[in-house]
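Enquirer: Assemble the complex: chain A is given as a structure, and chain B must be docked to it using the hints.
Listed below, chain by chain, are the residues.
2 protein chains.
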Amino acid sequence: MKNQRVVLASRPKGDPKASDFRIEESEVPQAKDGEVLLRTLFLSLDPYMRGRMSDAKSYAKPVQIDEVMEGGTVAEVVVSKNSAFKEGDVVLSYSGWQKYATASQGLRKLDPSAAPVSTALGVLGMPGMTAYAGLLTIGQPKEGETVCVAAATGPVGSMVGQIAKIKQCRTVGIAGGAEKCKALIEEFGFDAAVDHRSPQFAEELAKACPKGIDVYFENVGGEVWSAVLPLLNDFARIPVCGLIAYYSATQLPTGPDRTPELMAKVLRQRLTLRGFIVSDFADQAASFHRDVSAWIKQGHIKYREDIVEGLEAAPEAFIGMLKGRNFGKLVVRVAGDGASGRS
Amino acid sequence: MKNQRVVLASRPKGDPKASDFRIEESEVPQAKDGEVLLRTLFLSLDPYMRGRMSDAKSYAKPVQIDEVMEGGTVAEVVVSKNSAFKEGDVVLSYSGWQKYATASQGLRKLDPSAAPVSTALGVLGMPGMTAYAGLLTIGQPKEGETVCVAAATGPVGSMVGQIAKIKQCRTVGIAGGAEKCKALIEEFGFDAAVDHRSPQFAEELAKACPKGIDVYFENVGGEVWSAVLPLLNDFARIPVCGLIAYYSATQLPTGPDRTPELMAKVLRQRLTLRGFIVSDFADQAASFHRDVSAWIKQGHIKYREDIVEGLEAAPEAFIGMLKGRNFGKLVVRVAGDGASGRS
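Residue numbers (our numbering), protein chains in the order written: chain A, 353 to 695; chain B, 353 to 695.
Only chain A is shown next, with the shape it has when bound in the complex:
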C-alpha cells in the first residue's frame, strides 16, 4: 500500500499550471501513540489555496516547494492510537492533497447519518461559516436592504445570498454565464442574477440594484468591484473575504492610481471595508452549526457540490476553479463512496 500525494512543484507565475504541481508516491506514514492514520475520502479545493502557493506575505505561511499542498479533508480513521477515535470514524481533518496522513489533533468527528460527510467541507464547513460570519457580523444586513455577492453559485456566495434572503434583503448574485445565472434564481432564490461576462455587465448590475447596494460581500475584486463601487449606498458595509481576480495577477493594473478615489468614496459615503478570514470568528462555530443545520432542514438553504473523481484530478480542477469553471462547492472524491464514509 502506497500513499499518493500532490506536492507544490513550483510557485506559479500568474495562473497556476499543471506543471506547478507534481503527483508522487510515498510511504504510508505510521500512526504513533496518540495519533490516528487517516484515509482521505474528500479533499476540499478552495480559492485561498492560491495564496498558499505564493510566498507573498499573508496571514498564513506558504506551502514550501516539494511539500504537500494544504487543504481541508474528510477522512476515515484506519488505524487509531488515540482513545478519542476508533477505526471507521469519519472526521474533518486538514490532511492536504494526499491519500493518507497521520494526525493527533485538529480533528472533528462527523456524524454520517446527520448529513453527507462532504458537506463538512462546504455548506456546513469553512465556506459556509465564512459566509455566515462575514455577512452577519460585518455586513449586518437589515430588512429591505440590497445585498450583492459575486461568485454567487460558489459555496460562499450562494450561502451569502440565501442568508441575506432569510434576513429579508433583496439579493443580487453575480456569476459567469447563463446557466449559473439561471441557477441563482431558480436554485438559490436570488432576486436578481447578473452575468459578469456580459459586455453590458456594469449597466445590468446597476439595473438589478435600483436602490443601490447596502452590503457588498467581496469575493473577487477586479472588474466586479469597479462595477459595484458606483452603486454603493451611504453607510454600505463591505466584508472583504476574497479577491480571486487578483490572486494570479503578476503586476498591478496600469494607471492612474485610483487609490485616492476609493479613499474619497470611503470618506464621503461613510463606507466600512473590513477584511476577515473565517478563523477570526471561531467563536461563532456553535451558532453557525445550529442555525445553518436548521435552515437546511427548513429548506431555506440549498447547496450544490461539484465533485471530481480521484486525487490526480485535483490540480486541473483547482486551476479550473480559479477561472470559474466549477459549479458549486468543488470537492475531490479521493476514496470511498462518500455517503457513508466507507468504500
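Treat the hints with caution; some may be incorrect.
Intra- or inter-copy, both count: the list cannot distinguish identical chains.
[What the hints assert, rightly or not] Each computed SDA-like pair below joins lysine to any residue, with the alpha-carbon atoms no more than 25 Å apart:
(1) Lys494 x Phe633
(2) Lys409 x Ala579
(3) Lys438 x Pro414
(4) Lys438 x Arg620
(5) Lys617 x Ile671
(6) Lys438 x Ala466
(7) Lys675 x Gly529
Hints are computed from structural coordinates only; laboratory data are not their basis.
As the structure is a prediction and not an experimental result, all values here were calculated from the model.
Expert: Frame of chain A, contents of chain B only:
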C-alpha cells in the same frame, strides 16, 4: 451699518486662490418673527470647506457661486425676535463667512464663563467631537496599542493623540516642521513626533512605531497614507476622517493602479477602514461635552488656537491652512474681544 461677507467667486481648479473668493458689502438683514440677528464674533476655518467649494458629489451640497461661504461661527445676538434668546446672548451658529446673519434654528447658547467662546469651534466643538467620536467609536484604541495621526497639531489631530494617551496608548503624531513636532511632544504629550517634510519620513515613521500601528486616524491621505500602510498591524482600525492631500488634486496620481494592493492588505491583515463625518455621531454630543470638559479641567487635554484678525483675512488664512501653515485651530476673529463675546 453694512454687512460684509465673503462669497465664492469661482470654483478652484487645484489649490484655491484669493481670486476664488470675493469680499463684498451687503445690507444687514432684518430679523423676522422667530429669528435673531447675529453679529459674528468668530468664524471657524476647517478643511471640509474645500469640499463645499467643489461641485463633486459629496455628503453635503456645494456652496453656489456668488453665495456666502459656509462655516461655523460664534456670534452675539444683537436683535432677538425669538423668545429663547435675548440680546447679548452668545451662541454657536452656522452663519458662514460674514459679519451679520439672521437665524431661527440650529443655535446653541454658550456660557462665556465656562470656557472661552471660541473653543465651541474647536476643542469643545466640531473638530473636538470629530476626534472623540471617530477615535473611540471606530478606532477603539486599547491600552498598549499604537495610535498614529497626521496633521497632529491641528484641532482634530491633537485631540486624537491626547485622547489616545488617556486610553494608555503609544501616540505618534505627524506634523510639518520642527516647531510643530516639538509642540507635539512638549505641549500635547505625544510619545513620538515625525516630520512629514523629512526626506526620510517613511523610515522615521517606522522607527517611531516599533510595534507597528494599531489605529491610524486618517486626516490626510497621500504620502502619509503610503508610509503608514506598511506599518499597519493585523486588525488595525482606520477611521477615515479627512483626505486633505487630495482635496485640491486636479487629477489622479500616475499609475500603476494600487487599488488591488490596498484591497489585498485589507483582506490579509483584516483591516477595518471606515469613513465618517461628525454628524453621524450626533448622539454622542452629551458624552463628548461631559468627557472633554472634564479632561480639560484635569489637564489631560490641551488645545491651541491660531486666531487671525478680521473677516477680510479669511481667504488667505484658509488657503494657508490647506498648506499646513496654521498652528492649532484656525479661527477668524470677526468682531469683539471674544472672551466675553462683547466688543
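Enquirer: Now, for every hint given, state plainly whether the structure supports it.
Expert: Taking the hints in turn, this is what the structure says about them:
1. In this assembly of identical chains, Lys494 and Phe633 lie within 25 Å of each other by CA distance both inside one copy and across copies; the values are 21 Å within and 20 Å between.
2. Within a single copy, Lys409 and Ala579 get their C-alpha atoms only as close as 28 Å, which misses the 25 Å cut-off; across copies the closest is 18 Å, which meets it.
3. With identical chains, the CA atoms of Lys438 and Pro414 are never at most 25 Å apart, being 32 Å at best within one copy and 72 Å at best between copies.
4. Taking the shortest Cα distances, Lys438 and Arg620 never come within 25 Å of each other, neither inside one copy (59 Å) nor across copies (38 Å).
5. Only between protomers do Lys617 and Ile671 lie at most 25 Å apart by alpha-carbon distance; the minimum there is 24 Å, versus 35 Å within a single protomer.
6. Within a single copy, Lys438 and Ala466 get their C-alpha atoms as close as 19 Å, which meets the 25 Å cut-off; across copies the closest is 76 Å, which misses it.
7. Taking the closest pair of Cα atoms, Lys675 and Gly529 come within 25 Å of each other only inside a single copy of the chain (12 Å); across copies the shortest separation is 51 Å, beyond that limit.
Of the numbered hints listed earlier, those contradicted by the structure are 3, 4.
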